[in-house]
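All chains, please: the whole structure from these sequences, using the hints.
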Amino acid sequence: MYFFIQQYVPIFFLLIIAIGLSGVILGASYLLGVQKPDTEKVSVYECGFDPYEDARNVFDVRFYLVAILFIIFDLEAMFLFPWSISLGHLTSMGFWTMVDFLVELTIGFVYAWKLGALEWE
Amino acid sequence: MDFILLHQNHFKMFLPEVFLATSILILTLYATYVVSSHFLGYPIITSGFNKICLLVLSLTLLLVCNNTIPFMLTYNNTFIFDALTTYSKGLIIFFSIVCMAIFEDSLLRQKINNFEYFILLLCAVLGLMLLVSSFDLISLYLAIELQSLCLYVLAAAKKDSTFSTEAGLKYFILGSFSSGLLLFGISVIYGTVGTTNFENLSLLFAGSNEILSNLESSIIIGLVFISAAFFFKIAAAPLHMWSPDVYEGAPVSSTIFFAVIPKIAMFSVFLRLFQNVFSNFHDFFLLATVLFAMFSVTIGSFVALKQKKIKRLLAYSSISHVGYMLLAFSANSIEGTQALFFYLIIYMVTSVVLWSLLLSVNTSTNTERSKTLVDLSYLSTTNPLLAFTGLVAFFSLAGVPPLAGFYAKMTIFLTTISSSLIFASVFAILTSVISSYYYIRIIKNLYFEKRENTTFFIPVTRSCSLVMGSSSFLLIYFFINPTLLMLLAEKMALCLF
Chain H
1 MYFFIQQYVP IFFLLIIAIG LSGVILGASY LLGVQKPDTE KVSVYECGFD PYEDARNVFD
61 VRFYLVAILF IIFDLEAMFL FPWSISLGHL TSMGFWTMVD FLVELTIGFV YAWKLGALEW
121 E
Chain C
1001 MDFILLHQNH FKMFLPEVFL ATSILILTLY ATYVVSSHFL GYPIITSGFN KICLLVLSLT
1061 LLLVCNNTIP FMLTYNNTFI FDALTTYSKG LIIFFSIVCM AIFEDSLLRQ KINNFEYFIL
1121 LLCAVLGLML LVSSFDLISL YLAIELQSLC LYVLAAAKKD STFSTEAGLK YFILGSFSSG
1181 LLLFGISVIY GTVGTTNFEN LSLLFAGSNE ILSNLESSII IGLVFISAAF FFKIAAAPLH
1241 MWSPDVYEGA PVSSTIFFAV IPKIAMFSVF LRLFQNVFSN FHDFFLLATV LFAMFSVTIG
1301 SFVALKQKKI KRLLAYSSIS HVGYMLLAFS ANSIEGTQAL FFYLIIYMVT SVVLWSLLLS
1361 VNTSTNTERS KTLVDLSYLS TTNPLLAFTG LVAFFSLAGV PPLAGFYAKM TIFLTTISSS
1421 LIFASVFAIL TSVISSYYYI RIIKNLYFEK RENTTFFIPV TRSCSLVMGS SSFLLIYFFI
1481 NPTLLMLLAE KMALCLF
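Chains H and C, in that order, give the protein sequences.
Under the numbering used here, think of the first position of the first sequence as 1, with each following residue one higher.
Under the numbering used here, think of the first position of the second sequence as 1001, with each following residue one higher.
Quick caveat, the hints were computed from the structure, so don't treat them as lab data.
A portion of the hints provided could be inaccurate.
Stated by the list, open to error - Okay, derived cross-link-like pairs now, BS3-like style, lysine-lysine, Cα gap no bigger than 27 Å in a straight line:
hint : chain 1 : residue 1 : chain 2 : residue 2
1    : C       : Lys1159   : H       : Lys114
2    : C       : Lys1111   : C       : Lys1308
3    : H       : Lys114    : C       : Lys1051
4    : H       : Lys114    : C       : Lys1111
5    : C       : Lys1491   : C       : Lys1450
6    : C       : Lys1491   : C       : Lys1371
A quick note: this is a predicted structure, and the numbers were derived from the prediction, not measured.
Given below as structure tokens:
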């Protein structure tokens, strides 16, 4: 049990500090900030949609398609950054693995493009 | 030293997987250009594409069979290659070929014209091959995700059908929940012992030392979650609720794939994990598997009595068969595992016959809807040979003597009794009596039910009749001479002990 406490106590402290810090930031901005609400300030700006209305209404499916494609190509960048930083320490295997990944991603891109998933109209 | 040269042998072992993956990429590009080509007039390529995919799978099967190295760990011990993986992969690919061959006609009839259907199917086969080989909890999770993501989309393949979409959504939500459980279990195990590799884990648990006995409770917590995910994936009761709905809602071509293929991959990888790596925790697995086996045989037998639709009935029957396999698992002996694999292979052969029978009983009016038991009536008069094939398959499922299913059930009960699981064995035998009622009721429908108005069935396709003929021959042949299959099952079982 001692082993566990030793290993996981930093995480516990991190939790405490995170909760405390977020409480301080929120409270301070609430107490110290100047509050002058007007219609434009309090209205929602979530991508042009009202977030607190009935969920069962017509919604263009193309938004989802764009979102999905965005996530895929966004993740690609996320993999590329650590790879490019550590490229100097990698063997040729590490280099070619990423090239393989990029080729497969490009094939996916070609697929989406040819079938017209990128076109709005 | 060149790093590529070091991995040359590893690459050779991966040749079937690499070939399949490369073919998937090339086929995707090819089909994308053909389908979107204005010059060719945006053609529908289902039939031809099916044949190309069959060719790819056959070549992959050839590469798997051509493997010369009997045992190897590759890529930092994340993948293993031994007799179990070779035979499982061979069976997975072989039965995928059979499934793809029989459902082509049904795809055309249901107007599923997307070429992505086949690409996803090949991806699922690739995921299952990687799953069988995986020797690390991370590669296991990734392979499971690869195959389940493909299966979710296959369940929802018929986009204009509400049932199919519902089945896909249910499968997706419940499946991702179980994947979450699996991942949580893996993280608990990793947090406790600090490794995810099967070899390191088995070395760690090999002896009985002081530190491990302190950690036992948290490892058990991890195992509870991992085994819950496993029971979910193979649809053992009481974690079975998704399977009848998904089986019924999904288009029949996808249902065949769900019913026949993934179980063998799940069993081979999780048996390796539970019997080989976590062999010290046998008490826990004994309790869990016996409990789930008894639940499965009970629910599979009793709930199926009330079913009218054939797909739902087969789903419940598969739940009860999973129960028998889990019973063989709980015996925790070489003979038990051998009986499990023997049963699994016989079950796969039988279900191939049943599903092709279901694909063949089309009249001009009932092609669209889900088939009920009434659709099978009058078959003995209009198509006696088809009715006889159904009789062989259902008797084999019920375990009636002159057929292979009898041996399969008998070996399981013999091994569980020799492992002193008397109560569970007797219980399973009694429920198998109950489940034979609904198999015999279907046979009554096939032979003795009279129909008011005479109907004629659409002629059976060539691939369906070939598959049904050869498989029902095998069901009779394996009763006379089960040696070949027994040896195969024993070779697979010996890898786990």
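(request) Find the hints from earlier in the document that the structure breaks and name them by number, from lowest to highest. (result) Violated: hints 5 and 6.
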